[in-house]
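Protein sequence lines correspond, in order, to chains D, B, R and Z. Be aware that the first sequence starts at 210, since it is given in this note's numbering, and climbs by one per residue. Be aware that the second sequence starts at 210, since it is given in this note's numbering, and climbs by one per residue. Be aware that the third sequence starts at 210, since it is given in this note's numbering, and climbs by one per residue. Be aware that the fourth sequence starts at 210, since it is given in this note's numbering, and climbs by one per residue.
Everything labelled a hint here was simulated from the structure, so no lab data went into it. There may be inaccurate statements among the hints.
No copy is singled out in the list; a pair is fine if it fits within one copy or between any two copies.
[Said to hold, decoys possible] Derived DSBU-like pairs (lysine-lysine); straight-line CA-CA distance at most 30 Å:
#, residue 1, residue 2
1, K212, K608
2, K616, K212
3, K602, K619
4, K212, K602
5, K616, K573
6, K573, K635
Protein chains: 4
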Amino acid sequence: MLKDQIRRGRLGAERGCGVSRFLSSMEADRWIAEADVLVDMAHLLMLRRQGIVGEEHARAIMEVLVGLHDDGLPEEIFDDRFEDVHAGIEAYLIDRLGEETGGRIHAGRSRNDEVAACIRIRAREEVLRLMGSVNRLREVLVTLSAGHTATVMPGFTHLQHAQPTTLAHHLLAYEGALARDYARLIMAFARVNESPLGAAAFASTGFPLDRDYTAELLGFDRLVENSMDAVSSRDFLLEVLSACAILSATASRLASDLILWSSSLAGFVTLSDEYCSTSSIMPQKKNPDTLEILRAKSGTAAGSLTAALAIMRGLPMSYNRDLQEATPHLWQGLSAAGDGIPLLAEALATATFHPERMAEEAGKGFSTATGLADLLVQDLGLPFRTAHTIVGKAVRAGKIDLPTLEKAGKESFGISLSGLGLSQEKVQAALDVRSMVDARTVTGGPAPATVKKALRGRKEELKRDRAETVSLEAGLAEARVRLLSEARGLLP
Amino acid sequence: MLKDQIRRGRLGAERGCGVSRFLSSMEADRWIAEADVLVDMAHLLMLRRQGIVGEEHARAIMEVLVGLHDDGLPEEIFDDRFEDVHAGIEAYLIDRLGEETGGRIHAGRSRNDEVAACIRIRAREEVLRLMGSVNRLREVLVTLSAGHTATVMPGFTHLQHAQPTTLAHHLLAYEGALARDYARLIMAFARVNESPLGAAAFASTGFPLDRDYTAELLGFDRLVENSMDAVSSRDFLLEVLSACAILSATASRLASDLILWSSSLAGFVTLSDEYCSTSSIMPQKKNPDTLEILRAKSGTAAGSLTAALAIMRGLPMSYNRDLQEATPHLWQGLSAAGDGIPLLAEALATATFHPERMAEEAGKGFSTATGLADLLVQDLGLPFRTAHTIVGKAVRAGKIDLPTLEKAGKESFGISLSGLGLSQEKVQAALDVRSMVDARTVTGGPAPATVKKALRGRKEELKRDRAETVSLEAGLAEARVRLLSEARGLLP
Amino acid sequence: MLKDQIRRGRLGAERGCGVSRFLSSMEADRWIAEADVLVDMAHLLMLRRQGIVGEEHARAIMEVLVGLHDDGLPEEIFDDRFEDVHAGIEAYLIDRLGEETGGRIHAGRSRNDEVAACIRIRAREEVLRLMGSVNRLREVLVTLSAGHTATVMPGFTHLQHAQPTTLAHHLLAYEGALARDYARLIMAFARVNESPLGAAAFASTGFPLDRDYTAELLGFDRLVENSMDAVSSRDFLLEVLSACAILSATASRLASDLILWSSSLAGFVTLSDEYCSTSSIMPQKKNPDTLEILRAKSGTAAGSLTAALAIMRGLPMSYNRDLQEATPHLWQGLSAAGDGIPLLAEALATATFHPERMAEEAGKGFSTATGLADLLVQDLGLPFRTAHTIVGKAVRAGKIDLPTLEKAGKESFGISLSGLGLSQEKVQAALDVRSMVDARTVTGGPAPATVKKALRGRKEELKRDRAETVSLEAGLAEARVRLLSEARGLLP
Amino acid sequence: MLKDQIRRGRLGAERGCGVSRFLSSMEADRWIAEADVLVDMAHLLMLRRQGIVGEEHARAIMEVLVGLHDDGLPEEIFDDRFEDVHAGIEAYLIDRLGEETGGRIHAGRSRNDEVAACIRIRAREEVLRLMGSVNRLREVLVTLSAGHTATVMPGFTHLQHAQPTTLAHHLLAYEGALARDYARLIMAFARVNESPLGAAAFASTGFPLDRDYTAELLGFDRLVENSMDAVSSRDFLLEVLSACAILSATASRLASDLILWSSSLAGFVTLSDEYCSTSSIMPQKKNPDTLEILRAKSGTAAGSLTAALAIMRGLPMSYNRDLQEATPHLWQGLSAAGDGIPLLAEALATATFHPERMAEEAGKGFSTATGLADLLVQDLGLPFRTAHTIVGKAVRAGKIDLPTLEKAGKESFGISLSGLGLSQEKVQAALDVRSMVDARTVTGGPAPATVKKALRGRKEELKRDRAETVSLEAGLAEARVRLLSEARGLLP
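Produce the complete structure using the sequences and hints provided.
Next up, the structure:
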């Protein structure tokens, strides 16, 4: 059994396993175990180059580290008698190599800077993966939209039939929101990908470290310069969680729409069985469970952010162990926001839409009444508020036709609409669903031609964003190749 | 490999493992797996008694259930291809007994009522455990207080020296708060320990179930009567999480005090090494990590509550899969609030307090100035506000003695304090720390005799609360014995 | 202009109005201004009885206080140059009576215990009002239910047609939840209605106060005994906010249901115009805005709780100014939860339900398939899982009739259902909506007779709860009469 | 009294004032009232240019709008019988000009796009102001640091003396964090400053609007293109709230440090009286209330974000009235984060630091032990873990001198440190506070020369950020001048 090497000097009293388990971050540290090996490699390469650890010791340690990288970390490292994976790995090195060699890795650093580096390395990967998922979902929305620019459907406000729109127009609303979610993620990435290494406990160290070198080896874009800031701040974590919570809120709204659309009441879409569950008791049920869980996950994402904010606020400087408790919320929030996005994309891509049902509903609930009010303004020169009132009164009377409108106009304003030139034909034409949609050619509106134009812009932006993501991924991959090559270069 | 029995009728398309994992509650279901076996037993006993499942089938199923209870659930049941542990157990029964027998357990129920029953069973155990922990912590506070009624220390407001008090008085403030935390937990227990069984999907069932019988078998105090309410509501979960978050906030404040008291700046207490960590880089460090993590956990508890509230709000009736996502927050919140309480109790019980350091600080910062102001009112008949101003001016001038006070009285109010009878001796006496504490004999105040009287009341209330907890535990234990005995009674 | 009397002793440097405004709680203190006058009266009566303030001074001060009570507080008291309303009132007393008299009110107390008393006095009123609103809503639900025990409607799970139920059964699910909300509020009331008065800054005082007397005068049920606990704890506030957030979540779910039911897609209910808005642009719109805002308020209630928890956690003892920032969240949370409940009650009471539309939808989506599966178990002796699968396959094939079922039974299990005695008539009968509902006679189920029985129980519990609320209100009213009478008794 | 013009068509039943107040956003709309006049102006200029409203009508309406801008909105517009300020202004126009003219302003728009535009206009101003405050605080930190590069002080981890650092190094940690807060705010600004105008209810309009023109007139950087996205999304609001909550968490940590530093226990700093309060009972108290409230505000900021997230998540498209309830949280969050920043800056700028007290504490608690461990590695060639253990054992024995170290080395590792060349002089030198600080020359470390170098970088970045803020402010100011000039140009 590996032995803890850190407590033995200063502290007596062995800890009971209740305390050990309470203190240990081991469970959450599985997220960063692989990153920790990379951080160890980079630190060691630097220690050697700066002459802090000698050639031979460095080679021996690196051999074990490369083994951990290639074969994975053995389970004994994750024993929760260790406070964390850092202690576990150091104990492993000392167990394998003896303290004379293994005891040298921790020169010039603390677990404070080490763990911050590990969290950032794993977090940047997760953020990048999430950016990819978001872009895939955007692609599905764009592709679907391209096929449905003429598919009319009811647009709702307040869950009431409001005005007709098209499926393409509706889906592109989500694509627009997701593009901003993407933008927030890439901004968060910039704040994540900074190196705290070399800050040690918070006051840096007397050893002649080269912080730029470890940062470069690990693919960081720059340093978190001030060493106290480097170990004590977790705003990067809060920013990622914020971006996740907002993205998750966007996704949950799309899920809500799809849940409604796939209900028997609406019948606008049929989801693939793959994304549905049935009931253990009701044999007929086909439930959109994937979407419901995805919707609920946005509550989880909000909770993760809340927890992390509550933990961080009011903490005095510099490092406090409270910071450890913030980290699992990062992983929880990333999972909550991220796990469902690919499923949402595929659920959409494989869904069957029912244009005839949508068309059937599109004109219900006097949904084109606004078009008629507009006509009264444009054709008859009425003030909009007057036109709005007259049409509203007709609806209240239960019928939109010339006589009802005429009556409303007379009673409320002493105006004869037919006298001003309104005919039943014009009323009918104004109330037509498809021509109302076709007339909405204002930038960003639902008219098919307008949506097609918008689609061209969306595709281009998406292409740009995907290229950007790929380039960041490539940068990190290259850095890793370089690091491993330098690490292996040390071996005989 | 066990086979899923629930999807095969209604749904086609196999799910990819991404979807399965996303939908499955298996990981969190480990919390309720044992409870589910008990629920199955009770349901089965009732189905048999009501003639819904025949003797022979019932006996065969019970034999497997007793095996699961006695030997624990095999790992194959927790495969996350199953949506949940309920599906896993049913599949296991069918695998062992064939569908002709194993397929009979689910008559007259749904996973909706089943899972609600399981959550409640586990949650009530956790709440009871937490009540026990809270009482243990109260006991430590009471015991410590009994030994420190005369240990003077500085009381702080705004982290500034305010007035002297005693360690006993300070600790009892926390005991008072914890007594209310206990009261909230037992109230939550009442709402948790109600049976939803028999509600089926939400509309109950056509089978002639006996809900009272299953409730009694499982130790529930009463039914959640309305069957839709029974499966759709999670306010019991939110109430437990609220009680946890508030308790955790109380505990975090005590932790903050202890962290400050154990700092070198204060030096009021030395914690046992067992509850401390050192630094991987700074050899001299002894850090109160247990208390810091405990403090941070209150952020996690708040986050769990937030998440569950965000998930539940706005959900239409009745069951939605979103509810599944609320449950893990219950376990997280219970752990966050509960895991540290026993450690906090023992950290306090094993700590070494330093009365001399506390005494040294007790009189600093003009902390007895209020006593002097009171004297000016009581002895000289000044209005309190006048006395307050005069003493305040002296403090501002940097010195509380007769000449400075005299000057302040004259300049501000044209009063001669010495003329009114104030002497330097009286000033000195009024500023004495110990006599100031001794004079605070108002109910709830820090005077040793007053605290001793308060202690008698606290001990009695604590005794009553402990008896209550023990009685609830005994009630549940008895119900379990009875259930298992009826279950085994069915076997040959 | 009134003058601040508190700073003048100890502190120099006048504050700029930016600082004053930032520090002042004046805006929120409007909630507690009236309570503060009552607290002053009680404190003064006690000071006089204990001989701390002489007869003449006491009478003069009381005269002003009675004036403030009868005429309301003049606006000059709310100047935000004062840190709080307590300072404003004291300045007003001194301005009216001179410091020799007005400067005597604050003997033996601090704003710390004063403000805690004021918050509790106002909060208990708000909690009581909320309890009354909840009971009114329960009454509306019970009354509506009594008229709709036979009104069938579709019950949804996962927003999919699940099983038929009745409107009464559905509404009573909410009544059940609201009864628990009521229970939480009355428990919170118990923790609110405790007196902190006499705790002074946190260490009580050397003046011979009678805490029991002020508590009784102000209608408090008991003391918060420990004086540090009395001024530093805000768990009562957190508990009220929790009860509010949970109640608000319940109410938001009812709002969601009504929003859906009043949509054109469902058409189950028409809300009174009074609770609806129209659109400024779409003349036909009638939107359930009241319900939408009520739904959203549950987010606000959750936010208020989160904020207060985040503020309180980790605070060292005893009083810190941070506590001031927690209080406005109490008022915000109470408003968020409470303002909409009476409107929800009236919106429900005045709504027009459409039984024919509900009936039309009740049988859609194969919603009675479970009844058929039950029949296969009860009549043919099939295991439930087998029956569930056979009916599921028929639904998947698109049709539930004997031939389809027969085919499913043969293909999947080699069983002939007709051979076992199933006929098309039995299938038809099993699928009938009304008889399925009538068969759900299990306790808590939707069968009309069962619901009628449940209604009797609900009415009785509601009656009991209303009586309890009324009795608490009466107790507070009596205490206030007594206090005012003692106060006026002091006047000439 | 102005009359509501919007409900009169479609809806009957007058609303009681309870409903009106519940529905109305008037109170919060004071934040956007001025912005609404600007939006009206821009919309009107565009309607006229597009020929939708004739010259004469446009001129008359503009005259009233210019009056509202110049003289402020009269109180009658804020009557909460109106649902919002938009309805109030339209009613005012109709009241002044008659419906024939005033009834024309709302052509081609809805309150949905109007309110989104107003919120964005006000929010961008608030965000800009906040950016300015953050930069001012950074400037204070930089300036203070420049004067304190050689002021040694104890650095804490876990609130325990950890290692010596300097005041400059400590303060710059906060400056670094605030620079990232600034970066988040400017990113949020980009997402805020987009125009939703022209989206109407969500489906744009049949009127030939020119969205680019109104966007330009109002100083927006670009459109939110998709019209449904434009009115339904509030991610910009959530992003601002996130940036505020994170900034507020940063600021609360600085406040916590200052509260501790100004306590009698530490005595590192004396705050100006202006930012402090005293006690109403304790005459000697000088409390850092401004900092405490600022610390608590971070809880409020977190609560505002939570509330808004909870409200937005799961909402189906497109506009729902729930959105109205999200807006006040934006203002609350902005105030919570922003109001205290200028005060924090000035409290810091006017504080008196006590270098001698800091120096006195800097070397306590064996805070330079790490330097000694480093020496054992660098001079004697020991592995770091061995050196760490030896020094730790000496601390545990209570003394760091050669004999104690020698004993520890022998007992634990069989090493003679003196044999390896360690002398008491070297031990002493390694433990010297100032030389330890001077040796921390790693990038970002506390050595005075290193901090001076860092300061140059910080000043430059701050200069760049200030220029950027100024340029954005200038852009908005210019747009406003242009808009008003075009508006006035319409008048005779």
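Hints versus structure:
Proximity of K212 and K608 under a CA criterion of 30 Å is satisfied inter-copy only: 26 Å between copies versus 84 Å inside one chain copy. For a Cα distance limit of 30 Å, the shortest separation of K616 from K212 across copies, 23 Å, qualifies, whereas the shortest one inside one copy, 92 Å, does not. Within a single copy, K602 and K619 get their C-alpha atoms as close as 11 Å, which meets the 30 Å cut-off; across copies the closest is 61 Å, which misses it. Only between protomers do K212 and K602 lie at most 30 Å apart by alpha-carbon distance; the minimum there is 17 Å, versus 83 Å within a single protomer.
For the identical chains of this complex, K616 and K573 are intra-copy neighbours only, at 23 Å inside a copy versus 41 Å across copies, given an alpha-carbon limit of 30 Å. Within a single copy, K573 and K635 get their C-alpha atoms as close as 19 Å, which meets the 30 Å cut-off; across copies the closest is 39 Å, which misses it.
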